[in-house]
Amino acid sequence: MELAVNVRRYDPEAKEPVPYWSEYKVEVDEYTTVLDTLINIREDIDGTLSLRCSCRSAICGSCSMRVNGHAQLACKTRVSEIAPDGGSVTIEPMGNMEVIKDLVVDMNPFWDKVKAVDPWLQPEGPEPEGEYLAPNEDMLHLAGVMGCILCGACVSDCTVLEVDANFLGPAALAKAYRFVADPRDSQEKPRLDSLRQYSGIWDCTRCMECVQVCPKGVAPMDRIMAMRDLAMNAGFDKEIGARHTDAFVELVSHSGRLDELKLPVKTVGMFNIRAMQSFAPVGLRALVRGKMPPIFHKMVPNVENVRRIFRKLEPKK
Amino acid sequence: MLEHDVLVVGAGLAGMRAALAAREMGANTGIISKVYPVRSHSNAAQGGINAALVDRGDAWEEHAYDTVKGSDYLGDQDSIELMCQVAGEELISLEHMGVIFNRDDEGRLGTRAFGGQRRARTFFVADITGQAILHVLYEQLLKSDITSYEEWFVTSLVMQEGKCCGVLAMEIRTGRVYMIKAKSVILCTGGLGRVFEPSTNALIVTGDGIALAYQAGVPLMDMEMVQYHPTTLKGSGVLITEGARGEGAYLLNKDGERFMERYAPNMMELASRDVVSRSETIEIAEGNGVNGSVLLDCRHLGEKLIKEKLSQIYDIGLDLLGIDITQEPIPVQPGMHYQMGGIKTDIDGLTSVPGIYAAGECACVSVHGGNRLGANSLLDTVVFGHRAGNHAAETYRGTEHESLDVEGLVEQEEKRLAEMLSRGANGDRVAKIRLDMGTAMNAHLGVYRDENGMKEALDTIQQLKGRYATVPVEDKGRTFNTDLVFDLELGLMLDCAEAIAVSALERKESRGAHSRTDFPERNDADWLKHILVTSTPAGPEISYSPVVITQWTPEERKY
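Protein chains in written order, with our numbering: chain P, 1 to 317; chain X, 1 to 559.
Check before you lean on any hint, since a few could be wrong.
[Said to hold, decoys possible] If the Cβ cut is set under 10 Å, some of the chain P residues that face chain X in the computed set are:
1) Cys-60
2) Arg-78
3) Ile-82
4) Asp-106
5) Met-107
6) Pro-109
7) Val-114
8) Leu-121
9) Glu-124
10) Glu-137
11) Leu-142
12) Ile-149
13) Phe-179
14) Ser-194
Derived by calculation from the structure, the hints in this document are not laboratory data. The C-beta atom is built at its ideal place from N, Cα and C for all residues, glycine as well.
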């Protein structure tokens, strides 16, 4: 089966360095991976094509790139899955990172963010003579996060990083979780205290892209949400994100549906004049376009049932 | 000026362990790797790390005996004793650093069974043990103030008056060459899998350190001992962990027979790797295979165990073959996996050349002899990486760097690279030469070998060296020129290939992974000795070194 592989190229040493496309025709079979085709191209057709790759079995994390628009490990993606009847595939470098050459991107900011979460175990007290005792379930749970190979796919497709380069991002935050959730680590609270700040756990918009593209099932967003819970339980509940969460729960548990007028007010606080003022233009635009939520909020019918659910779910205090 | 007391080349387990040790000893330490540290091939070690823990009723002597026997008595028993004695300590220190080993019901470290060993002493993290340890050592590297040169390729060792005093290296991103001065250089560059085709090894595993040391005049030892892993995926050659058999998976032939019963009635599928690989090769050759492979059957292990402890190979089956291993057996065959031999070192990682150390797969202490036991490689890396780091830091404490003509050296190296880049197209390609080498090595230096085949392979290598001298590099740029990197790697691999073929031709017996159809028996009278190969202007030169025997007299090896 013949496949057309369209690769986005970039040569910084060209006279006018602008991205361009190269199309290659390669033979593939049922088991050919995207990486196989790229290696084939590099070895037999065009030696100038640069990419990172090494293990060919989804463990080293080198070959993340965008395949048909989404970040994937090229070695883990079989061509027959994405182009079952031949045709073509599109290969681009990862997003949210500067391109150095062809499919090679600058990962230095990525590593800097990993380093920024103090990613090393910090136990308390003198080391025991033998191992630290720890429940196997905890270790199995952590193995799920430790499965992260730092390939960068989640960062490539993170929609928050697209608009705010300061966001620590899903990979670094998943790494942080690995320590927050490690029973041997003594710094859970200070770690959460630092992670709840700007650019941390509250900056995720829960778009699910990272969960979708992660080739190792690490589900970074779920780890970020778990840390939100842990942070709130640890008493860090004054962040705007935490207040938003609390307000959301309170409003829905009261009337069975969200009161969209009260939500922002409760989140920022009635007496936060500056924030309240900043809502005015949004409110006006909503009014003009007929999208203003009703002034008189109605409860859903049989709201008592909703409240009962909430009472049941509410952790005992 | 870039300079360090200790410079470690390679940032896998051995390299990072060595760098951390050297830094802890107070040395100004640098580590240089052609890839980001977490991309290193230590990642691929799935199954685990061996250690005999006394408080589990195990004894280091037991572990040492299994290792000696596994080595087919070619391992040096003093080095093996040392490795097995400190294994527990090293294991616990990894746990203290943060490795999330699987636990038993009491929360203590749990074990699994592994090949060639009479009891379960393999500690593990699911089937990502290497990755889990590699990432934790990387965490420690980030915590330290060690200078890390990432995506830098070492092109030469710099020698002055018989001592190594640093390296020349290319920053891959810019293509610029730098000299990094060092009082000692620890080579931790891993194996040489790409010398063979196919191999379970990653594309970066090109024997760089082995060849750099060889070119600098350091003898290589046991180079003929190349391990073929019994379970690599048919076709792609991707590794299927021995942990699968450790957890109880069967090897079946086309009749569904557990054929290992005929070859190793006691240990069955868990006999030493050389034994299982030979048995599979015979089965396939005698027509008992299935399309040139045998079958690995995990079905009876149950979905829960497979997904919990063998999740990675579950994924590999699905991703690469579209086979669900809980429902169907997978086709496997022996595949080149590990180099037992390497740069000859003492137990402190020191080679015969001052300033050059080595540890991990590129080194040969020798603890693996003719055949390495599964899960002894991770142990080797941390034990001897640690020791090399300590010793290197200590040896040159308080000494000065050599004075060198740095600019001249850099200029000369840049000229060499420029010449490679300037070659015009001649129809040949780096990848073609690599493939011809790999195919020849696999055909003639694989599971079974004989004189004629090996001579043919050596001839091929000599011819390929000729082609290598003029092969063009297609990419002429400086920025992230992977084409140039491959060309440099190919030159290093050809030296490794030559050393393997020359050593293998020399050993006229069958021992461990070296099985000759023309000399099928082990011959202790003549060949219970190490073969060393040294590069000289007149070509490779062979010499010998005695095997150290402390408490285990060689006897017939049965599993």
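Evaluated hints:
1. Cys-60: 5 Å, holds
2. Arg-78: 7 Å, holds
3. Ile-82: 13 Å, violated
4. Asp-106: Holds, about 8 Å.
5. Met-107: 7 Å, holds
6. Pro-109: Because about 13 Å separates P/Pro-109 from the closest Cβ in chain X, which is outside the 10 Å limit, the hint is violated.
7. Val-114: Hint on P/Val-114: holds, closest Cβ of chain X at ~7 Å, below 10 Å.
8. Leu-121: Status holds, d = 3 Å.
9. Glu-124: Where the cut-off is 10 Å and the nearest Cβ of chain X is about 13 Å from P/Glu-124, the hint is violated.
10. Glu-137: Holds. Min distance 9 Å.
11. Leu-142: 5 Å, holds
12. Ile-149: 7 Å, holds
13. Phe-179: Holds, because the Cβ-Cβ distance from P/Phe-179 to chain X comes to roughly 8 Å (cut-off 10 Å).
14. Ser-194: Nearest chain X Cβ about 16 Å off; hint violated.
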